[in-house]
Amino acid sequence: MASVAFQNVEKNFGSTKVIHGITFEIQDGEFLVLVGPSGCGKSTLLRMLAGLEEISGGVVSIDGRKVNDVDSKDRDIAMVFQSYALYPHMTVRDNMGFSLKLRKADARITTERVARAAKILNLEPYLDRFPRELSGGQRQRVAMGRAIVRDPKVFLFDEPLSNLDAKLRVAMRAEIKALHQRLKTTTVYVTHDQIEAMTMADRIVVMHDGVIEQIGTPLELYDHPDNLFVAQFIGSPAMNIVNGTLHRHGGTAYVEAAGGTRWPLESGVGHDGQQVAFGIRPEHLAVTDVGTVGAVPAQITVVEPTGAETELLVQAGEAPIVLVTHGRTSVRPGDAIGLAVDPAMVHVFDQASGDRLVPVMQ
Amino acid sequence: MSTIALPQAGSALPSGPARKVISTWQRWGLVLLAPYIVVFLVFVIYPVFYGLWLARHPQSYVNLVNDPIFFGSVVNTLIFLIVGINLKMMVALFLSGFFVRTQPWIRWLSVLFILPWAVPSIPTILSIRFMLNPEWGIVNQTIFRLTGADGPNWLNDRWIALSMAMLVHIWKSLPFWTMILIAGRLSIPAEHYEAASVDGASAWQKFRFITWPSVRGLYLTSLILSMIWTLGDFNSVYLLTGGGPADLTHVLATLGIRYLRLDQVDLSMATIVCALPLVLPLVYFMMKRLSK
Amino acid sequence: MNARKALREARLILIGIPVALWTLVPIYHMFLFALSSKDDAFSGQLWPSHPTLNNFAIVFEEKHYFLNHFWRQLGNSLVIAIAVGVITLAIATFAAFAISRLKVRGGRLVMNCALFTYFIPAAFLAVPMYKAMGVYGLLNTQWALILAMITLASPYAIWVLKQASDKLPYELDEAARIDGASPLQLFRLVYVPLMVPSLVAIGTYALLLAWNEYLYAFLLLSNDKDITLAVALGHFLSADDSPWEVLMATGLIYALPPAAIYYVFRRYMVSGLTAGAVKS
Numbered sequence: 001m002a003s004v005a006f007q008n009v010e011k012n013f014g015s016t017k018v019i020h021g022i023t024f025e026i027q028d029g030e031f032l033v034l035v036g037p038s039g040c041g042k043s044t045l046l047r048m049l050a051g052l053e054e055i056s057g058g059v060v061s062i063d064g065r066k067v068n069d070v071d072s073k074d075r076d077i078a079m080v081f082q083s084y085a086l087y088p089h090m091t092v093r094d095n096m097g098f099s100l101k102l103r104k105a106d107a108r109i110t111t112e113r114v115a116r117a118a119k120i121l122n123l124e125p126y127l128d129r130f131p132r133e134l135s136g137g138q139r140q141r142v143a144m145g146r147a148i149v150r151d152p153k154v155f156l157f158d159e160p161l162s163n164l165d166a167k168l169r170v171a172m173r174a175e176i177k178a179l180h181q182r183l184k185t186t187t188v189y190v191t192h193d194q195i196e197a198m199t200m201a202d203r204i205v206v207m208h209d210g211v212i213e214q215i216g217t218p219l220e221l222y223d224h225p226d227n228l229f230v231a232q233f234i235g236s237p238a239m240n241i242v243n244g245t246l247h248r249h250g251g252t253a254y255v256e257a258a259g260g261t262r263w264p265l266e267s268g269v270g271h272d273g274q275q276v277a278f279g280i281r282p283e284h285l286a287v288t289d290v291g292t293v294g295a296v297p298a299q300i301t302v303v304e305p306t307g308a309e310t311e312l313l314v315q316a317g318e319a320p321i322v323l324v325t326h327g328r329t330s331v332r333p334g335d336a337i338g339l340a341v342d343p344a345m346v347h348v349f350d351q352a353s354g355d356r357l358v359p360v361m362q
Numbered sequence: 363m364s365t366i367a368l369p370q371a372g373s374a375l376p377s378g379p380a381r382k383v384i385s386t387w388q389r390w391g392l393v394l395l396a397p398y399i400v401v402f403l404v405f406v407i408y409p410v411f412y413g414l415w416l417a418r419h420p421q422s423y424v425n426l427v428n429d430p431i432f433f434g435s436v437v438n439t440l441i442f443l444i445v446g447i448n449l450k451m452m453v454a455l456f457l458s459g460f461f462v463r464t465q466p467w468i469r470w471l472s473v474l475f476i477l478p479w480a481v482p483s484i485p486t487i488l489s490i491r492f493m494l495n496p497e498w499g500i501v502n503q504t505i506f507r508l509t510g511a512d513g514p515n516w517l518n519d520r521w522i523a524l525s526m527a528m529l530v531h532i533w534k535s536l537p538f539w540t541m542i543l544i545a546g547r548l549s550i551p552a553e554h555y556e557a558a559s560v561d562g563a564s565a566w567q568k569f570r571f572i573t574w575p576s577v578r579g580l581y582l583t584s585l586i587l588s589m590i591w592t593l594g595d596f597n598s599v600y601l602l603t604g605g606g607p608a609d610l611t612h613v614l615a616t617l618g619i620r621y622l623r624l625d626q627v628d629l630s631m632a633t634i635v636c637a638l639p640l641v642l643p644l645v646y647f648m649m650k651r652l653s654k
Numbered sequence: 655m656n657a658r659k660a661l662r663e664a665r666l667i668l669i670g671i672p673v674a675l676w677t678l679v680p681i682y683h684m685f686l687f688a689l690s691s692k693d694d695a696f697s698g699q700l701w702p703s704h705p706t707l708n709n710f711a712i713v714f715e716e717k718h719y720f721l722n723h724f725w726r727q728l729g730n731s732l733v734i735a736i737a738v739g740v741i742t743l744a745i746a747t748f749a750a751f752a753i754s755r756l757k758v759r760g761g762r763l764v765m766n767c768a769l770f771t772y773f774i775p776a777a778f779l780a781v782p783m784y785k786a787m788g789v790y791g792l793l794n795t796q797w798a799l800i801l802a803m804i805t806l807a808s809p810y811a812i813w814v815l816k817q818a819s820d821k822l823p824y825e826l827d828e829a830a831r832i833d834g835a836s837p838l839q840l841f842r843l844v845y846v847p848l849m850v851p852s853l854v855a856i857g858t859y860a861l862l863l864a865w866n867e868y869l870y871a872f873l874l875l876s877n878d879k880d881i882t883l884a885v886a887l888g889h890f891l892s893a894d895d896s897p898w899e900v901l902m903a904t905g906l907i908y909a910l911p912p913a914a915i916y917y918v919f920r921r922y923m924v925s926g927l928t929a930g931a932v933k934s
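Chains as they are written, first to last, in the numbering used here: chain G, 1 to 362; chain L, 363 to 654; chain P, 655 to 934.
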C-alpha cells in the first residue's frame, strides 16, 4: 500500500496541452475517483501514473518515490482496463498468473495467489476457461483478479464498468467497493459516470478540460459545489440552473429570471444587480398551490413516476425545471402549480466566472 | 506487503534522461526493425542507385531510341496495359458478380477457378505455348479436325502473339483480382439490395446504383496496382513468345532483361529509366492510397 | 415462376461452362502430356490412346539430358523456398511488431519504404539487383536468390502483418507492460501467439513466391547443380527437339506442392492475403 502524489503534472500531445499543472495527493489506502466528461484528461492522468504515457512536466510519485522515469513494470501497480485486456490465448489461470510468471516467481506461490484471488472473486469454476468463454461480468472479475494477484501498491481502474449492462454495472460497483474494503489497497478509479464516483469514492477529483474543478468527499461535492461545472456534473437528475439578475430589497433577496419568475434567496449573497446563476437540486423543490407566497408559478409538462419517487418536468417562466417528489402525486400535465423553494438549499454562482458566490448555510 | 522484491530507486535521486522510460521500448523497436532496414539498404537502395549510375550516359539513351525494338516494346507495353489490364479487370468485375452467388456448383467452380493463380506460371505457360504450336499443338489440330483448314500461326505473328501473351497474363492473374472484387462485393450489406428489390430495381440498376458506387474505389486501386505489377510481368511474354517473332513482342520488362543477357547493362538500365515516367505516377497514386 | 428460375440457372451455366473450360484447359493439357507417349503427345488427341506413367519414371530416374540433376534441383527449390519463407517471416514479423506495437520512431518511414519496394515492378528491380549481387560477389550462389526473394517478399509481408497487428487491441500491450513484460516477452508471449493465422499466411506466401520464381532464379543462378527446378524447366525451351511430354511431367511435379499447400491453407491465404492486398 502506498500514497500517490501529483505535483504540477502537465501533459502535452505535440503542441496541444491536455493537462494543465495538476496537484493533489492520494492517501494510503484511499479509494480516489477521477471523474469528468470525456476528453477532460482523467484517463491521461491515470495513464501517466501507470507509466503508459510520458509525463511532460511536474512530478508523479508513489510512496514518496519519483516515478516519472520508472518503467510501468517497476512501479508496482496493477491496472484494470475498460476493455479488460485479457490475453485471449491464455486461460483464466494463466491470465491471472502472467505477471508472476514474468517476474519468475515460484510456481507454488503463483498457484497459491491465483487460487486465493479466484476464491475472493468467485472465479474458481472458470480457471481453465478462455476469456472468450466468459460473460462480461466474469471477464471483468478476471481482470480484477489479475490485479489482485500482483498484490500491488496501487490499483488503477480505467472506466472498468463501461462495457457492462446497467444491472451488472451496479452489482460490480458493489463488488469493487467490497474488494477495496477488504484489501485496503490504494485505488485510483477513472470514470465518466458521476454515480459510480459518488457511490464508490472516499474522495472525488472532478476534472474538466485538463484542470481540477474540485476535490472532496462525495457529499462535499454534492452539498457545496465550488462552481457551476461541478454543480451540474454531480447529481442526477442534474441541479436546476436558472440565469437571472440578483435583486435585494431590504432583508429579502431574490433572483429575477427571464419570464419574470422570482427565485428566493437567503440574504447576504452577492450584490444587487449581479448576473447570477441560481441553482437548486430537484429534491429541494416542492409542489404547492398556485399563489402560495414566495412560490414560483409553474406549469407541469411531464409526469414520470418511477414507483418510489416521481420526477416532474415543469416550466417556470422560460426555464425548464425538474423536481423530484417522494411517493406518489396527483398532479397531471397542464396543471398550474407553485414551486416551493427551500432558500437554505439554494446555490448561487456568478454567471461570468461560474464560481460559487457564498456557501449555503444549513 | 509485496513478496516480490523490486529495485527501489532513492526518492531523492535526480531524474535520469527525460525519455528513459520510452527509450527502452524504442531501442528494442529499432533493433527489431534493423534487419529489414539492412535488407532495404543493401538490396534495394544500393542496387537502385548503382543501376541509375550505370544509366547515366546520354549515349545509352540515344542507342536505345535508335534500336527499332525499343519503340515496338513501348507500344506493346502500352497495349498490354491499356487493353489487357482493362479487359482483365472488367472480366474480373463481371465474374465477381457470378462467384458471389451461393449455388453449390458455383462454390465448387470457384475453388477450381483459383488454380491458375495457385500453380506456378512456368509449367502452365509452357503448356499453353505447346497448345499453340502451329503444327503439333492441340489447338490447331482440333481446328483442322473440325474444319479441315489450317489454324493461324499463333506465335509467329506479332499481333496474334501479343494477344496470346495478354491472354496468358489474364489467365494467370484473373483469379486473384476476381477474389479481391468478390471480397469488395461481399462487404456490401445485403439490406441495400433488399431495399432496392422492394423499390423495383432491375439487375442493371442494382449494379449501377449499389454495387458500382461501393466497389468503385476498390476497382480503381486494383486497376492501378495491376498495371504496376503487369509492367514487371516478365513470364507471360518471355515464356510464351520469348519476345519473338523477330523481337516484335517484347515489352519493356523483357527488353530490359534481353539487354542484360546481351551484356548491354547500360541499355538495360536505360530501358528501365524510360519506363519510370510510366511507373512513378502509378506508384505515387498507390502510395497515397495505401499509406493513409 | 419456376420457368424463370430455370432460365436464370441456365444463364448462369452458360457463364460457368466457359469459365471452367478457360480455367482448366491449360492444366488439363499439362496432364494430358504428362500421361502421353511422345507419339500420342504430338497427335493432338484429347486423351492419349496409351496412357503411360513412363514420363514420370524418366523424371524420377533422371534419365534425360535435361534432367540429370532433377532431385538435386528439386531439393534446391525446396531449401531456397523454406529459407525464404522462414527468414522473411522473421524479418517481417520483427518489423511489423516494431512499427505497429512498439510504435518505433521512423516506423512510418520504413513502412513507406517497404511499400515503395512492393510497387517497383519485379522485372525492373531484377537488373540492378543482378548487378549488385555481382558487386557483392554473391552471383551464382543460392544466397543471392534467397536474399533477392527476401527483398521481394518482405515488403508485402510487413504490410499485411502490420495491418493485422493494428487490429490487436493496444490495451493488451499495456496490460503486459504493467504485468512486467519486457519488449521481447511481449513479442514472444503475447504478440506471436495472437498473430499465428497471419503468420501462417505470410510464411506460406513467401515460401510459394520463392518456389514459383523464375526470372530471378534464372538470372542469379547458372550452375546446373545450383539452379532451381523452375530454371531447369526453362532450359527445355533452349532446344527445338525438347521432349515436351517429359517437360510436362516435370512441370506437374513442380506445380503440385504449391497447389497442395494453397488448398490446405486456403482459408488463411484468401482472407489473409486479399485483405492486405488492396485497401479500398
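A couple of the hints might just be wrong.
What the hints assert, rightly or not - One-sided excerpt, in silico: chain P residues whose CB lies under 7 angstroms from chain G:
#1 Arg831
#2 Asp833
#3 Ala835
#4 Pro847
#5 Leu848
Unchecked claim - Cross-link-like lysine to aspartate or glutamate pairs, in silico, EDC-like; alpha carbons within 20 angstroms at most:
#6 P/Lys757 - G/Glu53
#7 P/Lys717 - P/Asp895
#8 P/Lys659 - L/Glu556
#9 P/Lys692 - L/Glu556
These are computed hints drawn from the structure, not numbers from a lab.
In this text, all values refer to a predicted model and were calculated from it rather than measured experimentally.
Don't be surprised by glycine CBs; every beta carbon is placed ideally from N, CA and C.
Structure-based check of all given hints:
1. Arg831: holds, 5 angstroms
2. Asp833: Result: holds, 4 angstroms to nearest chain G Cβ.
3. Ala835: holds, 5 angstroms
4. Pro847: holds, 4 angstroms
5. Leu848: Holds - the Cβ of P/Leu848 comes within 7 angstroms of chain G, reaching about 6 angstroms at its closest.
6. P/Lys757 - G/Glu53: holds, 13 angstroms
7. P/Lys717 - P/Asp895: Judged against 20 angstroms, a Cα distance of about 16 angstroms means the pair holds.
8. P/Lys659 - L/Glu556: The hint holds at about 18 angstroms.
9. P/Lys692 - L/Glu556: It is violated: about 58 angstroms lies between the C-alpha atoms, which goes past 20 angstroms.
Violation of the numbered hints given earlier is confined to hint 9; every other hint is satisfied by the structure.
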